[in-house]
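Peer 1: Here's the letter readout for the chains.
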Amino acid sequence: MTLIRLIGGRILLSLLTLLIVSALIFWILEVLPGDVASRIMGRDATPETLALLRAKLHLNDPAITRYLRWLGGMATGDFGTALTSSRPIVQILEPRIFNTVLLAGYAFLLYLPMALIPALIQAVRRDRPTDHALSAVTLVLLSMPDFLIATLLLVTFVVTVPLLPAISLVDQSSTALEYFRAMTLPAVTLAVVMAVYAVRMLRDNLIEVLSSDYVRMAELKGLSRRKVLLRHALPNALVPTLNITALNLAYLIGGVVVVEKVFSYPGFGSLLVDSLQLRDLPLIEATVLIAAAVYIAANLLADIGAILLNPRLRAS
Amino acid sequence: MSAALGPKLVEVSDLSLAYLHEDRPLQVLFGVTFSIAPGEVLGLVGESGCGKSTVAYQLLGYRPPSARVLSGSVRLSGVDLLTLSRAELDRLRGNRIALIPQNPASALSPGMRVGRQVAEVLTAHRRASGGSAPKARAAELFEAVGLPEPRRIGRRYPHELSGGQQQRVAIAMALACGPDLLVLDEPTTGLDVTTQQQIVALLAELRRRKRMAMLYVTHDLGLLAQIADRVGVMYAGRMVEVAPTGILFSQPRHPYTRGLIASIPQIRPGERLGKRLRGLLQRDELPPGCPFQPRCDFAEAACAAELQVLEEAAPGHEVACRRWRALAPPAAVPATLRAEPTEAAPLTPLLALDSLVVTYRAAGSVFAKPVAAVRGVTLAIERGETLALVGESGSGKSTVARAISGLLRPSAGQIRFGGEPLAGLLRHRPRELRRIIQYVFQNPDASLNPRMRVGSILARPLEVFFDAAGADLRGRIARALDDVRLDESYAERYPDQLSGGERQRVAIARAVVAKPALLLCDEVLSALDVSVQANILDLLKRLRAEHHLSMLFISHDLAVVREIADRIAVLFRGELCQVGPSRVVFQAPMHPYTHALLMAAPSGPAAIARPVEAGEPGPLRPASGQGCPYAGRCAWQAGAICEREPPPWLEAGNGNRIRCHLSLSELEARALWRAEPRQVEGAIRPAEGRATP
Amino acid sequence: MTLSAAPGLTQARLPSWRRILRRAPVSFHIGAAILIVHAAVAVLGPWLAPYGISQMGTGIPLSGMSWAHPFGVDQLGRDIFSRVIHGSHIVLLLALSGTGLGVAIGSVIGLLSGYVGGWIDNIVQRLLEAVISIPFLVLALLAIAAAGPQLAGSPLLVVLVVALVYAPRVARMARAAAIEIATRDFVTVARLRGEGAWSVMRREILPNASSVLLVEFALRAGYAPVLIGSLGFLGFGMRPPTPEWGLMMAENRALIIISPITVIGPGLALASLVVGLNLFTDGLARLIGRTAPRNQA
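These protein sequence lines map, in sequence, to chains A, B and C. Note that the numbering used here has the first sequence beginning at 5, numbered continuously upward. Note that the numbering used here has the second sequence beginning at 96, numbered continuously upward. Note that the numbering used here has the third sequence beginning at 190, numbered continuously upward.
Any given hint could be a false lead.
[Stated by the list, open to error] Here are the simulated distance ranges between beta carbons:
{"no.": "1", "chain 1": "B", "residue 1": "Ala-182", "chain 2": "A", "residue 2": "Asp-217", "range": "41 to 51 angstroms"}
{"no.": "2", "chain 1": "C", "residue 1": "Arg-428", "chain 2": "A", "residue 2": "Asp-217", "range": "56 to 66 angstroms"}
{"no.": "3", "chain 1": "B", "residue 1": "Thr-284", "chain 2": "A", "residue 2": "Thr-6", "range": "27 to 37 angstroms"}
{"no.": "4", "chain 1": "A", "residue 1": "Gly-12", "chain 2": "B", "residue 2": "Glu-235", "range": "34 to 44 angstroms"}
{"no.": "5", "chain 1": "B", "residue 1": "Arg-247", "chain 2": "A", "residue 2": "Arg-229", "range": "25 to 35 angstroms"}
{"no.": "6", "chain 1": "C", "residue 1": "Leu-265", "chain 2": "A", "residue 2": "Leu-17", "range": "33 to 43 angstroms"}
[Unchecked claim] Selected chain A positions facing chain B (in silico; Cβ < 10 angstroms):
{"no.": "7", "residue": "Arg-185"}
{"no.": "8", "residue": "Asp-217"}
{"no.": "9", "residue": "Met-221"}
{"no.": "10", "residue": "Leu-227"}
{"no.": "11", "residue": "Leu-233"}
{"no.": "12", "residue": "His-236"}
{"no.": "13", "residue": "Ile-311"}
{"no.": "14", "residue": "Asn-314"}
Hints in this document: simulated from the structure, not taken from any laboratory. We treat Cβ as the ideally placed atom computed from N, Cα and C, and that holds for glycine.
So here's chain A without its partners, still in its complex pose (with noise of 0.2 angstroms):
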């Protein structure tokens, strides 16, 4: 098959997974509770409010119709309005999103080398003290929850040695530098747990590698301990690398929600979690879907890379 059809054939299974997805939240959501409006509104609330919630979420329309009209809606661009706060979702999103896509790639630059060092140490260095030494510091902080790590970093560069903020709060006003501070300590939280969680993998993935055949077979056409890692062993361990890559990406959008919590920083996952609280359904059902339209968008650029750098995917 030639590449564009296998790409095609994955993004098309990527969209068929989100519609999915979106059956699923809505179903969760809408269907499953039985009686939406008096989940929102809670256990004291009287007639004449249900109905006028009921009025105004469409919620007498059959399951079917509101469904396909959110969907239609998400598709386009039109996220609805906000519940709590009668403002459009996409208005409250979108500086919500922009925080945490900082966030994101602040903590992701700092996780890389945070990762593939200790791996390649530990695979070098296999079996021996440093190895076991690397892999003990790694189960405890694998250990440990993320907030945890995060209120242990707080603890440590707030109380005892204040350096940063001990709350994220930023908004259009603040300058760059004021983000940046704000900005580090969950990112380093994040990059801390998302490190961990793949130090083993990499280790694991670069100690094949070394240990395979065509790598022996380097070694014995009489390259030099470099050529053999850096043209043999390092481009085919990225392949799994990816894999192990788009797994973060996916912690990373449930990991957003505690660490932007803990440390207050207004980005989506702390939407996500305040939504939640505040029973808001259509900022409940947006962020969600954009939750797992992010996830699945990851897991498809790392197959589609994948497909690229592994010339043996490409065969049919």
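Given the structure of chain A, go ahead and fit chains B and C onto it with the hints provided.
Peer 2: Below, chains B and C without anything else, positioned relative to chain A:
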């Protein structure tokens, strides 16, 4: 050619090596000593686990991190490779010593184009400066090793090439800097028999032209007859015999060597000398003296206690056995050829295939076009008869078996059992029919459930087909184990506690215990060591006689098939080429493909000159459905008619039928392969031998 | 954390007890030791803890670490250390039962779907992919939101949510294992005998998949406390005054600057449990991998 006098290229002396395995060291080499003269080919042969590959890698100075050299030296032109640093080794490897790997598919870097992989050897050792010179030189090398389109093939990735082409690339890579020594680690394992033959012929040709020394490691003794000057035989990490090739085959001195030679299945009748090997190497039960003593027919009590060293039995012939003088030359064992079945052939054959066509879609894709794996096959198996299906990978022989067993539905044609049409799919067949056709698979590791004890594995068919239970069940299991010569206690064991040969016995027992009428054996010997193959073959023959079984025996190994089959059917790309009694199929006239198979099959000391036939097996062209399936690869192709029209069936007499456009007399004239053996002294030179007696 | 369906795991036999103790790697033993400690605290804790769950006035509010109060005292005067002890059984029980339920459901779905194949498997695969596309925490929060007010704050909801989040991922692993096992000849042999799908699943596939599933269980169980803690931390888990560790961290966070140990204490307890689970899982996987049969000639 006797061993050259003068300075040796390679001298290995007293090499001992161990692996540090978890906590206990495991010694794998014990004082191995040998030498290789410049331009000489030394073969190294032995069962799996004897340490031959480990020795080979020491010539490259390569050890995995867990290995420790306990003693000895490995000298290349006087320099001890074991003492060199990584940088010094880097200069030698690929340059003066080169490796041709066992598995080229995994030894070539998957993400790099093959041209570049060859070019980087040249640049690393400064044989070609940058720019286009390395690529051009690589193209020259590709041409020298017989790759098609040498200028363009360099741009391909390894997975785009066939197994044979990948190995040629590996050879080109090894030759790039003109090494003094080539180390070959089982370079043809896993390749088709005809491809194997071509690679070996290529190596022989290159060796003749370039005068390279080689260390050729293999478990296949027959192969070495074509290319080795001398052969070293290893057992349990020790060198037990070294001799010039011809002498090793004609006058083997060590009991192990004799057993090894006798275990090679022969295509030609009346060739086996001596008794086959018995038993198995048990590492934990080795005596302090000679390791072969537990399996040796000639051993005395003292053999177990005394360590054996290599002694010179004749100039150039060394043996590590204290009893070599006392051993008489091995007696010829009359070949046990299949006797003609005494029953008159009944009117209805047991199994009949009528114009069978089986197609399937390539896995994973809904869009791929269906491939016809089997086309128009018409065959019959009489009661009590053994029919062999012979062909290389992709010939469709397994597909036929799967269709017969009900795993695949025929797309066209019919299968009849006992005269009655057989339902295509398993679920449409009654229990009796499922019982009466039994299947034995190739790989004993995969055909037994690792979580079930042997007893339970054997119990299942008894429960399903006979509703056996309780004491009756246990009794039947015990008898089944006895039938395959396994002790009763095996019933309590798990498959991973058994050796490969024992597992295959259990698999066979499982099939036989259902009391079938037809046994489908799908390459049941291919995954086993040569010495074990012979025993399993004997087992099958005995069971066949005791239980009056008919068999469909699938194999790519003509020698094995010769021993066990009454009739042989040759398949190529899903179509029949030739069918006939095994006696006659290997005599002229024969189908060109049958001829190619015979010429490619290694057959030890009686090898005769074999010109390499044209037609390198390229990537599978989609079956066009027109003309002869062998057209395009056939060395005797008549012309365009072969591509256009399907060939007719010719009756060659004695029940032998051949499907070819050529006439019988033409087929007879062209055949070079002869059934009578010829003894040749000394080393075999393919270029010097004469074709006809 | 995910493990690929390594063929080695599907070939290994579960070792007997003696073999376990002899051949297990160090991580297995250390992990098991930690888990035993946690289990002991969970069972015996309520009797051994110095103070009660909601006992107030045990010390000066927001005083830091001291011998009497290793984890400090919260603003209501409760001893955090005692509360941690009282709450230890909560996390353990919720994590194990949630994971167990998720693995059970996921295994059945995955094994069946993988073995049966065909269009059913295709649909199931699409559905699994879709559910897995929703990140862990988001899915959990979604489910909690959908569950409604009656279940909110109850332990049952937490268990169900954990099971819901894990089942699809376990199903995917089980499916991969079933597919790999089904390619092996002994399964074909069983089919050739005419055995039905259920019989083949039970006798041939499940025993060979059990190692994979066991490791999956251990793996997921290792992360479950983190998931539960996250939910508690965000306020979606159990309600106060339940001494759930994540919840406790959130409760005391407001005054972290004054008394950080009240937040870090429960966090470390949580981390130690996860370390124990991870070590145990790691050791278990390697132990099973070691008993995988080495192919003999």
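Peer 1: Please write out, lowest number first, the hints stated earlier that are contradicted by the structure.
Peer 2: 1, 6, 7, 11 and 13
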